[in-house]
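Residue numbers (the numbering used here), protein chains in the order written: chain A, 535 to 619; chain B, 30 to 263; chain C, 7 to 765.
For the record, the hints were derived by calculation from the structure and aren't laboratory data. It cannot be assumed that every hint is accurate.
[Said to hold, decoys possible] Short, incomplete list of chain B residues facing chain A, as computed with Cβ under 10 Å:
#1 G85
#2 A92
#3 F96
#4 P98
#5 G131
#6 R135
#7 G213
[Unchecked claim] Simulated pairs of lysine-lysine, DSSO-like, Cα-Cα distance not exceeding 30 Å:
#8 K294/C x K70/C
#9 K345/C x K586/C
#10 K505/C x K586/C
#11 K101/B x K575/A
#12 K433/C x K467/C
#13 K207/B x K554/A
#14 K433/C x K505/C
#15 K53/B x K203/C
#16 K144/B x K433/C
#17 K345/C x K53/B
#18 K69/C x K144/B
#19 K53/B x K467/C
These numbers come from a predicted model, not from an experiment. Positions of the beta carbon are idealized from the N, C-alpha and C atoms, including for glycine.
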Amino acid sequence: MFKARITVTLRPSILDPQGKASHHALTELGFTSISSVRIGKFIEMDIAAGSVDAARAQAEEACTKLLANQVMEDFHIDIDEIVST
Amino acid sequence: MSVRFGVIVFPGSNCDHDAYHVAKHVFGQEARFIWHKEAELGDVDFVIVPGGFSYGDYLRSGAIARFSPIMKDVVRFANSGGLVMGICNGFQILCESGLLPGALMRNESLRFVCKNVHLKTESLDSPFTQGLTSGEVLRVPVAHGEGNYFASDDILDQLEDQGRVAFRYCNENGQVTKESNPNGASRNIAGILNEGRNVLGMMPHPERCAEAILGRPDGARIFTSIVDALSVGA
Amino acid sequence: MSNVTLNEPEITPELAREHGLTDEEYGWVLEKLGRVPTYVELGIYSVMWSEHCSYKNSIAELKKLPRDGEALLVGAGEENAGLVDIGDGMAVAFKIESHNHPSAVEPYQGAATGVGGIQRDIFTMGARPIASLNSLRFGSLDNPRVRYLFDGVVRGIGDYGNSFGVPTVGGEVYFDPSYEGNPLVNAMSVGIVEVGKTASAIAIGVGNPVYIVGSATGRDGIHGATFASEEISEASEAKRPSVQVGDPFTEKLLLEASLEVINSGAVVGIQDMGAAGLTCSSCEMSEKGESGMIIHVDRVPIREEGMTPYEIMLSESQERMLIVCEKGKEDILEAIFEKWDLHAVEIGEVTDDGRVKVLWHGDLVADVPAEHLALGGGAPVYIRETKRPTYLDQTGAFDESLVPDLAVTDVRSVFETLLASPNIASKRWVFEQYDTMVRTNTVVGPGPSDAAVIRLKDSNKGLAVKTDCNGRYVYLNPRKGGQIAVSEAARNVVCAGGKPVAITNCLNFGNPYKPEVYWVFKEAVGGMGDACRSLNTPVTGGNVSFYNENPESAVFPTPTIGMLGVVDDVENHTTTFPFKNSGDIIVELRPAGFPGGGIEASEYLSTVLGRTEGDAPRFDMSEELAVQEACLRLITNGVVQSAHDVSDGGLLIALAEMSLASDNLGAQIDLAPVASGRMDGLLFSEAQSRIVLSISPERLSRAQELVASMPVEMVRIGVVADGQFTVKVAGTTVLDIAPEAMNDIYENALPNRMSNKLK
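Next comes chain A alone, as it looks inside the complex:
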C-alpha cells in the first residue's frame, strides 16, 4: 500500500488571486520577508500497487485525467510506502 500526496497549483505564469490576496494580507500583518504566496490544493490518497513506480503511474494518471486541469494547473506527487504497524 502506498500513500500519494499530491499538490495541485496554478501554473506559475497564471495569476493566483488567492495567493496574491493572502500575500497582501501577510504583508499587512508584518510578514515583510515573505516574498510570494501561491495557493493550491492538497490531495492525499492510498493506492494499492506492487511498487512505488506503479503507484506513481496511477497517481499521475489520476492527476492528468481528473485532479488537475493542465490548461492552468501543475501537479506534484510524493509517494511513500505505508508500513503497517
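Once you have looked at the hints, place chains B and C on chain A.
Coordinates of chains B and C only, in the frame set by chain A:
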C-alpha cells in the same frame, strides 16, 4: 417544423429548467431533458449544457461532469456538426471535455458574482449569433464563481484571428474596458466558438433574460438567432 | 433493559446536569420513566427538552399569537413550516429560522447549514423552494472580527444557496454594537406546492418501514453538553466537531429525490433531521401519529468508525431525512434514491405502542414514550418571571427639545454620513455574491424594491416577500417595536404591490432566565400579536432563539418577521421604488393630519448623534392600516410609478434611495416645515406609516380621488427631474447634490469598509 432542444441534466444542474422553459414556453419549440446517466442524446437538433454545479463542482467546475455517460454522446454529436451551447457551468464542462479550448478559473475577486453585464457581439458567423448585428450590445446576467476565462496567448490570438470570440464583456456603450470585466477573463472574453462554429460556450445566462417580465429581454435575441438558423436550415 | 457492551458512563444527577437538564427536570425523567434512564435515553431527554426542541420557555407566550386564518392549511407548529393557500390550487410553504450560535463560532459553515436546514423544512413538506431570504445582524464593522464574521456569513449563504439552486431574493443587514460577538443569522425559505400534494411529518401504519435517507451520519454537532462527560477522553473529543458542515450538492440531490418520492405515493410521512437529528424526527413523527417506532440504530449508514448508538441518535449531520414508507412500496422508494445516488436504508418500522425503541444489534438501548418528549406533550413548559428593565427609564427620558436642531449648513454632511452608514448604504456588496435569479422567477430581486417579487409560472399571481425588524425600536419600546416590525414588513410588501397574508417569525432574544429579558420578550411578542391581528396576517410558525448575548448584555431584542404577500396580477401590480420619469410628481402618502415626527429611535440620532434613546417612533395601528390600504388601492388601480416606505434614515433617505436606484434621475424636493419647526425631524424622522410615491402628472387627480374618502393625506413634496437632487425647505435650499456624487458615497461605503479587512 419546430426545433428539438435537448437540455442535459446533471444531478447538480440548476439552470436546466430555465433553458427548458425558454425553449419550450417562450419560443414554443420542442424541448426535453436528457439525464446524465443516459448514453445517447436521441433525436435532437440542439443541445444545451446548462448552468449549475453538475456534480457539486467541489474539485473544479465541470471536471467530473465530462466523464458522465451523456457527455460522450455530446462530444460525438458536436464532432459530427451538431449544435451545442454551454452556458456557465455548461461552458466549463465543454472546456473540460475538450470541445472548446481554455479553462475557467476562479473569479479574480475570489467571490461569486451575480449581476447584469453588457456583452459586445463580436462574431456573427455562427448559428447562435447570425441574427445579431455586429457590435450589438446585449445586457445579460452572469452568476458564477469560476468564470475567469483563461487560455494561452497563442490560443487567444487564434480565437481572435479566426473570429471565434462570440462575446466580450463591455460597458453599456459597447466599449471593452477593464471595469466592465466581471471576473478577470482574458481579453474580456465572455463566450467563444469552436473551429466548426457549431459549439458555443458562454458564461452569461441568456436564458435568464428572455422575457420582458424579467427585465430587458436581450437573451431572447440569441435564442431567436438559433431558432431562425435551424428553421432555415431544415 | 438488556446489558449492552458499550463503554457508557454511569447515569447520575450530575451527568444529567452536564446534559443541561435541571435537577427538577431530571426528577421528572425518573418519575415518567419509573427508572433510571439509559445513557441513550438521557441523551434523548436532554436534547428533546432543550430550549431549541421544546420551546419550554417560549411556548406559553407563542400560543397567544393569532395562529388561525382561513388561508392556513396547517396550524403553526403542526408541520415543519407554515402552509398558506394562495388560490389557483397553489399553496406556499414558508419559514424562517435562526443559526446564530453556529455562525458565531464558524460563520461560513454556520450560515451555510442554516440555509440548508431551512430549505429541508420546506421540501420535506413536498414544496419546491423557490426563494430564499436572510436577515443578518452584526456588531460594528470597525471590529475586524465582525468583518470576518460578516464576510464568512455572506460567503456561506452564497455558496450554499447558489449551488443548491434557489435564488436569494432579499433580506436585510443591520449593524449595531449590541450584536458584537453574537451575530444573528436568520434564514428564510419560501416554497410552492399544489394544494393536496403536501407531505406530513407523521408516522402511521403499524409495520410500515422507516427509512433514513440522504447523507451518512457522522459525529457532527453532537450535543455540546456531553463533551464534559468524564468517560470521554481528549482523543475522542477531538473527533467530535460541534460545527456541522454543509454539502449543498447532496442537499440538491435530496431535494429532487424527496420531491420525487413524495410524488410517487410511496411516502406516508417524512421529516427532515435538523436539531437532535434522528432523535427528534423519530419522536416527533411518532407523537404526531400517536404511533411508535422501532429503530435499529446499528443499521444507520455512518461516516466514521466506531460510532455509538448515543452518538448516532444525537448526531446533527446535515442533509438527512427520515421517511415512513408505505409497506409494499419499498422498491419505488429505493429506486428513486438509487437514481439520485443517495443512501436509503431501512432502519426500523412503525409500531402502535406510543414508544420509540432504539435497538443496537438487537439489544434495546432506549425505550421511551414519544409523548414525553414532544412539544405540547410531556416536555416541560415554563412561565418565566418578568421584570420591566430599568434601562427603559433612562432611554425613555429622552427629550428632543434638549437636542439642538440641525443647522441648514450641516444638512449636506449629515446626509452624506447617513448615506455611508452601513445600515443605509447599498448592500450590493452582499447581494451580488448571491445568485438572485436562478429559476427565472425573480421579477424584482434585491435592491430596487421594499420587497422581492417572485412570479409563479402558469399563473398571473406572484409572491411579495420580505424580512424585517428594527431591533432598536424593539429595544426602546418592546411592544410598539413588535407592532412596527410586523407592520413595516407588511408595508414593504404593499409597496411592492402585494397583499400581506401571513408571517413567519424568528425571535432572537437574550437569556430567558433573566426577568428583564423575558419581560421584553413577552411585550414584543404581544406587540407582534396586536399587529398580526389588525393586519389579518396570522403567524404560521417560525423559531425562537434565546441566549443571544454580547459580553455586557442581551443583543437588541430582534423579532425578525418574514412576511408573505400575494401579488394578484404580477405583470401589472408589481411596483419598485426607483424614480421612473422626469416630470413625475412625488407625494408623501401619510395618515391624515400627520403632525410631523420626531427623531427618537432614529438612525440619525444613533449614527450622527451617537444616542440610542427615546421611545420607538410615532406609530398608530389604525393609521398604519389606512395607509397600507390606500397604497395598495393606488397601486392596483395603476396610478403609481414607484413606491417606497419611509424607514431607516427617514424621508430624505427614502427620497435619495429612489433617485439612487433610478436611471440617473434627480429630483426637486420642496418641503413645508413641520409643526415643531424642526429640520432634523422633517428630514430624518422615522415616524411610521408613510410612503413616498411617484405618480405621472396626468394620473395625479385620479390618485387623489382614489384615496379621497380615506383617513390619509397625499402631500405633494416634489418632482422627479433630470440632473441634481435638490431639497428646499420653506424656500431655502438645504441640499443640492449630483446623483453621481450620492451614488459614489452610497455604493462605495460597504466595499470600502470590507476591503479594509486587516486594518
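Problem - Broken hints, by number - result: Of the numbered hints given earlier, those the structure breaks are 1, 4, 9 and 18, listed in rising order.
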